[in-house]
Each structure stands twice: as C-alpha cells, then as structure tokens.
Amino acid sequence: MLKSIREFFELGMQDTADRSGTDSNNRVELAAAVLMVEISLADASIDPAELAVIKATLCNHFTIPAQQVDELIDMARHEVDLAVSLHEFTRMLNDNLSAAEKIRIIEALWKVAFADAVLDKYEEYYIRKIADLLYISHKDYLMAKHRVADSAAPS
Numbered sequence: 067m068l069k070s071i072r073e074f075f076e077l078g079m080q081d082t083a084d085r086s087g088t089d090s091n092n093r094v095e096l097a098a099a100v101l102m103v104e105i106s107l108a109d110a111s112i113d114p115a116e117l118a119v120i121k122a123t124l125c126n127h128f129t130i131p132a133q134q135v136d137e138l139i140d141m142a143r144h145e146v147d148l149a150v151s152l153h154e155f156t157r158m159l160n161d162n163l164s165a166a167e168k169i170r171i172i173e174a175l176w177k178v179a180f181a182d183a184v185l186d187k188y189e190e191y192y193i194r195k196i197a198d199l200l201y202i203s204h205k206d207y208l209m210a211k212h213r214v215a216d217s218a219a220p221s
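Numbering (this note's numbering), first residue to last: 67 to 221.
Rather than coming from a laboratory, the hints here were simulated on the basis of the structure.
Just to be clear, a hint being listed does not mean it is correct.
Simulated DEER-style distance windows between Cβ atoms [stated by the list, open to error]:
1) K187 - Q133: 27 to 37 Å
2) D216 - H144: 29 to 39 Å
3) D136 - S203: 31 to 41 Å
4) R213 - K187: 34 to 44 Å
5) L208 - D136: 28 to 38 Å
The beta-carbon is built from N, C-alpha and C at its ideal position, and this holds for glycine as well.
Using the sequences provided together with the hints, build the complete structure.
In structure tokens:
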C-alpha cells in the first residue's frame with residue numbers, strides 16, 4: 067500500500083508543466099507535509115503533540131482524508147531523510163500558492179513548533195529559512211509567529 071501511495075506522490079512531484087491541477091495539489095500537500103515534518107524534527111524528535119498538529123493541519127487545511135494522512139506523513143519523513151535541501155519543496159509552494167496561502171503554511175509551521183510548548187532555536191531557524199525561501203516578508207513572518215503564539219498561550 068505504501069508503495070502505491072509513494073508512486074502516486076512521486077508522479078505528483080515530477081516537475082512537468084502539463085500536469086493537471088490535481089497532481090499540483092498532491093505536490094503541494096507533500097511539500098507542506100515535508101516542511102512540517104522538518105520543523106518537528108528540528109529538535110531531534112517528533113513530539114506526539116507536534117504530530118497531532120501536523121495531522122490536523124493536513125486534514126483541515128488540505129482536506130486530506132484521515133486514512134491517508136499517516137501515509138502522507140510517512141512519505142514526508144522519507145522525503146526529509148532523502149532531501150539535500152528544502153528548495154525543491156519551497157519551489158513547489160512558490161509555484162502553486164498565493165502569498166496569503168504561503169503565510170498560512172508559515173502559520174502551520176509555527177503551530178508545529180509551538181505544539182510541544184517549547185520553541186527550540188532550530189525550529190525558529192528553520193521557519194525563518196523557509197519563510198525566506200517562500201519570499202515571506204520579515205513583517206509577515208513575525209505577524210504569523212505572534213498570531214500562533216497568542217492562540218497557543220493559555221487563557
């Protein structure tokens with residue numbers, strides 16, 4: 067089963083201009099999942115709270131069926147292990163998302179970083195790096211961080 071899912075997303079990750087919108091969506095979903103997994107691994111392990119945020123984001127933001135989310139996360143983990151850089155994933159997002167949608171990706175990354183109630187310096191570093199690669203202004207980067215931090219703070 068994982069092999070067929072992997073083949074499905076590998077087709078989606080091919081950089082071809084004649085692909086349909088559905089394949090483009092698959093590539094965006096995988097690219098976003100890879101970035102979220104990368105942030106969750108920045109402090110050397112995926113905390114269960116971080117994993118829960120990743121799953122919720124993929125289900126809600128991308129409307130991925132719950133039964134496919136775990137497989138997508140497994141694929142994203144595999145891609146993180148193989149990736150030399152984040153450029154191919156951020157390029158996919160740059161090519162397919164609006165500025166507002168890219169800011170929502172940054173907010174999702176902040177949610178992952180804040181999920182375990184400990185903001186690791188490497189998580190912050192990677193989110194800054196990803197924001198730069200997505201051409202997000204420093205102002206929008208900080209505003210996204212504060213929006214998520216304010217919503218994550220106990221009332």
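Assessment of proposed distance window 27 to 37 Å (beta carbons of K187, Q133): 36 Å Cβ-Cβ, so the 27 to 37 Å window holds.
Are L208 and D136 spaced within 28 to 38 Å by their CB atoms? Since L208 and D136 have Cβ atoms about 33 Å apart, the given range 28 to 38 Å holds.
Check the following: the C-beta atoms of D136 and S203 are separated by a distance inside 31 to 41 Å. For D136 and S203 the Cβ distance comes to about 35 Å; the hint holds.
Quick check on a hinted range of 34 to 44 Å for R213 and K187, using CB atoms only. Since R213 and K187 have Cβ atoms about 21 Å apart, the given range 34 to 44 Å is violated.
Just tell me: holds or violated, for the beta carbon distance of D216 and H144 against 29 to 39 Å? holds, 34 Å
When held up to the earlier numbered hints, the structure conflicts with hint 4 and nothing else.
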